[in-house]
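Chains as they are written, first to last, in the UniProt record's numbering: chain A, 1 to 683; chain B, 1 to 683.
Please note that a few of the clues may not be correct.
Which copy is meant is left open, because identical chains are indistinguishable; a pair holds if it fits in one copy or across any two.
When the alpha-carbon atoms are kept at most 30 angstroms apart in a straight line, the in silico BS3-like pairs for lysine-lysine are as follows [said to hold, decoys possible]:
no. : residue 1 : residue 2
1   : 161       : 495
2   : 201       : 549
3   : 367       : 549
4   : 638       : 367
5   : 201       : 638
Hints in this document: simulated from the structure, not taken from any laboratory.
For clarity, every value in this text was computed on a predicted model and none was experimentally measured.
Read off the chains here:
There are 2 protein chains.
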Amino acid sequence: MSDFLSDYGALIAVVCALLAVVYGVLTTRSLLALSPGNEVMQRLSAAVQEGAQAYLRRQYTTIAIVGVILFIALIPLQDIYVAVGFAIGGLASAAAGFIGMNVSVRSNARVAEAARGGISPALAVAFRGGAVTGMLVVGLALLGTAGYYLILTELFDRDPKEAVYALVGLGFGGSLISVFARLGGGIFTKGADVGADIVGKIEAGIPEDDPRNPAVIADNVGDNVGDCAGMAADLFETYAVTAVAVMLLGVLTFQGEAVVLFPLVMGGVSIIASIIGAFFVRTSSGNVERALYQGTIVAGIISALLFIPVTSWMMDGLVPTEDGGALPSWTDIYFCALIGLAVTGALFVITDYYTSTRFAPVRSTAKASETGHATNIIQGLAQGLQATAAPAIVIVLAIWGAAEFAGVYGVAVAVMAQLSLCGLIVALDAFGPITDNAGGIAEMANMPEEVRNVTDPLDAVGNTTKAVTKGYAIGSAALAALVLFAAFKIELEEKGGVVVEFLLDDPFVLMGLLIGGMMVCLFAALSMEAVGRAGSAVVEEVRRQFREKPGIMDGTEQPEYGQCVDIVTRAAQREMIIPSLIPIVVTVIVGILSVEMLGGLLIGVIVVGLFFAVMMTSGGGAWDNAKKLIEDGEHGGKGSIAHQASVTGDTVGDPFKDTAGPAINPMIKVANIVALLIIPLIT
Amino acid sequence: MSDFLSDYGALIAVVCALLAVVYGVLTTRSLLALSPGNEVMQRLSAAVQEGAQAYLRRQYTTIAIVGVILFIALIPLQDIYVAVGFAIGGLASAAAGFIGMNVSVRSNARVAEAARGGISPALAVAFRGGAVTGMLVVGLALLGTAGYYLILTELFDRDPKEAVYALVGLGFGGSLISVFARLGGGIFTKGADVGADIVGKIEAGIPEDDPRNPAVIADNVGDNVGDCAGMAADLFETYAVTAVAVMLLGVLTFQGEAVVLFPLVMGGVSIIASIIGAFFVRTSSGNVERALYQGTIVAGIISALLFIPVTSWMMDGLVPTEDGGALPSWTDIYFCALIGLAVTGALFVITDYYTSTRFAPVRSTAKASETGHATNIIQGLAQGLQATAAPAIVIVLAIWGAAEFAGVYGVAVAVMAQLSLCGLIVALDAFGPITDNAGGIAEMANMPEEVRNVTDPLDAVGNTTKAVTKGYAIGSAALAALVLFAAFKIELEEKGGVVVEFLLDDPFVLMGLLIGGMMVCLFAALSMEAVGRAGSAVVEEVRRQFREKPGIMDGTEQPEYGQCVDIVTRAAQREMIIPSLIPIVVTVIVGILSVEMLGGLLIGVIVVGLFFAVMMTSGGGAWDNAKKLIEDGEHGGKGSIAHQASVTGDTVGDPFKDTAGPAINPMIKVANIVALLIIPLIT
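Required output: the full structure, derived from the provided sequences and hints.
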């Protein structure tokens with residue numbers, strides 16, 4: 001049995017990955033069979049589709065240019081297998097984002113239509129729309145990883161270690177797409193959102209999603225390219241890079257192929273668990289959060305059970321590559337996997353606590369809005385800072401526990417287990433932008449009040465699940481990056497033939513730590529400024545249209561939606577380049593200067609990045625839901641001073657939680673993967 | 001000559017320190033001889049004095065309780081000499097803050113009176129008032145350090161190493177006062193400020209410093225206890241801890257007493273340079289910034305020149321404690337000192353760039369205010385994040401350069417040189433709250449418009465110098481903490497008799513790094529929330545007084561100023577305890593759990609702390625001056641939308657730049673000193 005799983009591990013993973021893809025295709029079919037609503041709704045939905053596709057085409061063209069340069073550079077630096085892996089990773093990530101987004105933009109009108117029947121049918125449609133993206137993300141990531149591994153070992157006769165090394169290229173491809181997609185998409189969506197809100201809500205006094213606002217389509221397009229395509233690319237890379245990092249650390253630490261295939265099989269069986277879990281996301285009572293939690297818990301329990309046979313068969317009797325040290329038993333490894341699942345649960349609950357309207361952090365931020373803009377911002381920032389503490393402790397405990405059971409490899413297994421549920425988590429997240437869009441279409445198409453009364457609470461839950469997914473992604477990113485760092489060090493010593501020690505009292509290591517921290521701050525600063533600039537450009541364009549076409553406001557003239565889409569598209573393309581290059585360029589330069597400084601840099605990026613990313617995503621989520629709470633009538637309700645203050649907080653939170661914060665996650669890993677790839681250059 | 005300086009080094013330092021104290025006493029006398037203005041002004045000034053003294057008495061009582069517990073704990077943990085050092089450090093720091101603040105509160109009315117004659121005489125009085133604090137800070141710090149060293153070696157026959165170890169206690173005493181004073185003072189001043197602004201400016205529509213506002217005296221008291229006494233305690237500890245850290249690293253690295261006394265003599269001769277530099281702070285043209293820069297440059301050049309003989313005589317022919325490694329020559333050491341002076345200059349220029357009304361960061365934040373509160377906040381946060389990059393690079397380059405010349409000891413010499421100018425820098429900072437208060441008294445006493453036209457521009461310069469001092473303090477804090485960490489590691493190995501390696505890939509080191517980062521975030525979160533709560537309490541009290549005493553607004557009833565002072569006093573006392581204990585308690589617990597985790601924690605606190613502290617202080621300064629720029633008529637001037645937005649930014653910046661941000665500085669060092677002191681517990 002052990003031999004069977006080891007030999008056919010990659011095949012099992014491929015089959016499970018194909019299952020996910022099949023699930024995605026079937027779900028898409030059943031979704032497209034639903035009514036897309038009346039003609040107005042279809043026209044609006046088509047406008048959003050068109051804008052989103054135009055944006056993604058342009059974004060991928062820009063990335064392709066950078067990608068081709070890196071592809072060519074990788075051939076002499078590494079070899080053709082790594083370069084091809086890089087291309088596969090990039091293309092698969094792009095495909096997951098592209099297809100997922102196309103399904104999302106087609107689901108929006110269908111959710112609005114389904115919302116006529118109440119929360120249950122609307123949730124069913126929205127969740128299935130999101131589940132397509134979720135399953136495609138894990139399906140394509142696992143298919144790419146396991147498939148390329150199979151091809152390399154079976155067709156090109158590479159040994160497992162060489163094959164895993166080529167997969168590092170695949171991870172890099174995914175990371176590159178991810179950092180661009182998160183930044184570009186984030187700048188697009190928040191530039192449009194901030195711009196639309198400032199002129200529309202504040203200056204012209206028209207409600208959100210009013211069709212008279214020339215930026216309204218851009219805003220809705222942004223939800224899809226940022227929250228859907230950007231997030232899909234982010235989780236694709238998180239998943240793929242983690243799997244590759246665990247395989248790499250495994251092959252560097254233990255002998256035999258089973259250890260290489262173990263993370264792929266873990267991922268495979270979890271897909272089955274996720275698909276089963278997805279069927280449990282249903283509600284008859286209208287309690288949406290409970291429905292989502294229910295599905296996640298079911299998937300988690302099934303995964304935990306399936307890990308038992310997988311671990312006992314594949315990880316029994318490990319043989320180290322070098323002698324010395326206690327060997328972990330399969331139960332040790334299994335406990336590490338349980339730790340990973342527990343981390344997922346803990347991060348879920350913590351982020352929910354800090355961003356849900358039910359608990360003190362959001363409530364205190366809403367309360368602080370009563371005394372105005374400034375106290376709302378101070379409280380939101382303080383809550384964001386505070387929200388970093390519990391996740392940090394969870395991660396510290398996870399490292400401790402996993403390292404006690406199985407050293408750094410234990411940490412690797414934990415983070416793989418954590419990410420194995422990725423498909424379901426992405427599904428929970430991707431339903432957010434779909435309902436957000438559905439609400440937009442309902443508003444623009446003048447659908448009855450009841451429809452918004454269904455989409456609004458779904459949207460509020462979406463805000464929390466979006467924050468939860470980000471907390472999950474950044475938590476796993478920190479752990480995955482630590483695994484990459486461990487692999488980097490072992491690989492560096494193997495290739496260089498010397499013992500490398502990164503000592504905290506080495507001035508070069510300290511310098512590296514500071515440079516790593518600086519990269520995070522600079523990256524965040526530039527991306528936030530980019531949102532500000534893009535938003536200002538939108539403001540000016542909308543003001544121009546209102547001025548030159550006075551008929552827009554009374555409905556006698558049509559606004560030019562395309563202009564605003566075009567402005568943010570161009571702004572996002574222009575502004576995403578420099579920040580995206582920071583983790584590549586700085587890492588290469590520092591690596592050439594000093595290996596010790598590079599080691600410090602990698603850890604500096606992880607540590608400082610973790611805190612800024614959690615602060616930004618949790619703080620942003622809290623501001624968003626504090627506004628929702630006030631709009632639901634607390635602290636004076638809509639139109640009150642508190643409401644105005646909460647709109648300010650929400651707007652500040654936008655670039656925090658949707659641009660800078662989540663983009664730090666792939667940025668951390670790009671730096672660590674680049675370090676792995678430039679080892680030939682620096683030894 | 002070498003022998004003379006080595007033998008009498010401590011004496012030279014004591015004499016120079018006494019010179020500083022004498023300068024302070026003489027300047028105080030000449031200040032008190034000036035006219036304190038008319039009866040109204042004297043009464044207002046007396047009210048501020050009373051409130052400030054009452055606050056400080058209470059704060060020191062609270063600290064004394066914690067101090068006595070720690071004093072008793074230090075005796076069995078270390079020995080009586082360390083415990084006595086701790087007491088001396090605490091008392092000297094408290095004395096510097098107390099006396100300096102008393103001079104400040106007496107200078108305010110005198111500056112307002114002098115302002116009748118124009119900018120030159122007002123600057124002269126304000127700067128001399130600040131110079132008293134500045135010279136007392138360095139004078140008492142150096143007197144305590146060198147004096148206690150002399151007493152221990154001459155009267156108690158301790159050898160130099162034992163004496164230096166007792167001085168670590170002195171540093172700890174200073175740090176403890178500092179973290180409490182920064183936090184308590186910061187919560188007081190910003191609670192009062194935020195509260196007074198919200199009810200006064202926004203709700204009641206009365207101008208700043210209007211005597212009808214019941215919180216106005218509390219606000220003015222806050223300037224003194226926060227910006228003056230708090231800042232003095234901060235710089236006292238920065239100076240004392242740095243001197244002690246350099247002495248300790250010296251005695252652990254090289255043989256002989258000269259190396260122990262070298263930092264004290266550097267500090268001593270720089271006092272002479274600072275006193276001379278102070279005489280160059282004068283203007284006939286009214287260009288205040290130039291006058292201040294002029295004095296600093298003169299002091300820097302004289303220090304650089306005086307360091308030549310000191311270094312060549314004391315640091316020639318160093319003998320290491322252990323064999324191996326290249327020895328630095330005295331010119332190597334001298335270059336390190338020059339690097340330190342260059343760092344001071346660079347941090348000065350960088351912070352000036354990011355916080356002065358003359359340059360792009362503040363201008364762009366002011367511009368962003370045109371589109372409202374949210375864009376002002378986003379731009380300010382982005383600028384704050386960006387402002388961390390250049391200081392980080394300066395620090396990295398300084399570490400590199402100094403380490404190339406003389407290893408970690410070179411870094412130590414650089415930071416001592418950087419801090420040697422501390423007296424003058426504090427003087428530049430302390431004149432800020434004095435002019436701020438002078439403006440307040442002018443407003444409350446209905447003095448002629450011309451007086452405010454003199455105090456306002458002085459106040460704007462004060463905002464920048466305050467930010468510059470904070471940048472200087474945090475930059476030196478990071479370097480000084482690295483020196484402490486190096487000493488910690490050597491000491492740990494000596495006491496424990498084992499080689500300790502803090503490896504970046506050790507899970508415990510990584511856990512420590514994350515815990516260190518978490519401490520910073522939690523510390524900042526709690527202190528910001530404390531300001532919010534104190535501010536809310538003030539708002540409620542002021543609203544109550546307006547409600548119950550309707551005569552206040554038309555001048556027929558007197559507001560109860562004392563109530564507001566009392567509320568923020570109690571709030572500050574209550575709220576400062578928990579955050580202040582974080583760097584002590586967490587460090588001790590982690591140290592007991594694992595030495596490797598402790599090592600990670602110390603560096604984690606430094607790295608993460610540096611970025612948050614710079615972001616907060618620079619961002620806060622930029623918001624403050626963006627408001628000033630708009631109040632001077634740009635972007636619509638007072639009363640415009642941009643102005644309202646900039647008031648929000650300024651209010652958000654308040655707890656950033658005056659509470660959380662600067663308090664991170666002593667917090668970093670408390671953690672590192674506690675680690676040194678608990679070595680007997682953890683080996």
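If you check each hint against the structure, which ones fail?
none
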